[in-house]
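Could you build the full structure based on these sequences and the hints that come with them?
Quick note on numbering: the sequence shown equals residues 3 to 444 in my numbering.
Hints were generated in silico from the structure; no laboratory data involved.
As the structure is a prediction and not an experimental result, all values here were calculated from the model.
By construction, the Cβ of each residue, glycine as well, lies at the ideal position given by its N, Cα and C atoms.
The hints are all genuine.
Label pairs and their in silico Cβ distance ranges:
1) Glu217 <-> Glu68: 35 to 43 Å
2) Gln269 <-> Leu209: 50 to 58 Å
3) Gln234 <-> Ala268: 29 to 37 Å
4) Glu380 <-> Arg444: 23 to 31 Å
5) Glu380 <-> Thr253: 13 to 21 Å
6) Asn63 <-> Asp288: 40 to 48 Å
7) Thr251 <-> Lys78: 39 to 47 Å
8) Gln75 <-> Gln240: 23 to 31 Å
9) Thr82 <-> Val49: 47 to 55 Å
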Amino acid sequence: MSLLVKWNTAPRRSGTRLARILCALLFVAALEKGAFAQEPAPQHALVVTRLADLLQEAEKNNPQIEAARQGWQAAKQVPTQVSTLPDPQFTLQHLSVGSPRPFAGYTNSDFAYIGIGVTQDIPYPGKLKLRGEIAKREADVSQQQVETVRRVVLAEVKTAYFQLAYLSKTLTILESDGELLKQVEQAADARYRSGMGTQQDVLQAQLQKTKLVREIAMHHLEVGKLEARLKQFLNRPQDSPDIEPGDLTETPLLQSYEELFTAAKAQSPELAASQKMIDKQSLQIDLARKDFYPDFNVQYMWQRTDPTQFRAYYMLSFGVRVPIYRSRKQKPELAQAQSEELRARSELEAQSQQVASELRAQYVVAQQTTELLKIHREGLAPQARSAFQSGLASYQSNKQDFQAILTSFLDLLHLDEEYWQNLAEYETAIARLEQITGLSLR
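So this is what it looks like as structure tokens:
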């Protein structure tokens, strides 16, 4: 009696965790009975999502990017506000004589009058312009923050996508290696039945099958976490259909470190924001120096007494606000602005070092991982597969013990997984380089 199990290489498309668990249980039962049917299992029509489409969707819908954009739009409205004269103040005055009633005393007193005036504060020349320039620099910093958030989000989308593609590929590897393990178990069972092997060999093969199923279940757990993370960045509902990644392919890195570093210095939003902060603090120093000079006040008043006896009065007043507490206000303000400028310059230097360090680290990862991938493709992978096939034939011929063939199988399994993991790490390093430099390296 044979047991037919139809195992889908991408069960996460079913949409429920219950279906995944059921598939894993059926797979365990089939492995225990050693009764896989030879007919191929039907596959669902999977719609592969391109990384470029996800990046466009994230750039359009991600709430973090939108929040940064709106912050920039809000900051752009400030310069005209702070560079405009203060609102004028209008005054209505009334003076009565001999009675609290309005307009009393016009006929018997020269002091009774009604007056209308306007007052305008005028800052010292240049202050308003400096305040506007400072606000523009603040808006420029907000603009660079938009680009920083955008690059971070897109890099996170790429990283999650590559990890999802790696897990999808390793699920296929685990299934194919399960077929190899089935051959090992059949050979151990045949030797045990012929009296040349031990029951322990059969039990070890069965134990390894169970570990394989556990690893598949752990991969499904990681897939679920990555799906949730991707949907968060894309602003999709968590109960929306899962994302099917495409195949992992190695992106050639054609630029040298010097070319990447030049691009990073020219296009890094973090460095640009730090430079804008230095410009802002320099203007803040100029404004602090301007505060040592007085501000002005102009007032114009029209007054009317008894219109039958007296003519109207017109009064123009000019006031000066003198900064007499310089040691307690203006000097500390200037010292604060100068210290803030020095801090901004130090932050720019620290940011430059951080960009250079991160760029070098990711470049080394990409370079070294390229070598590892080449070693895997040209050496380790074919050697491990040849060693396993040769060992399996020797074991079936009673020329090799079971532990050696099991070790060859595990080497083959781990090397296959390690290759795709290294490829995912390589593509992640490329994504980080794109984030730092602003270049499109794909």
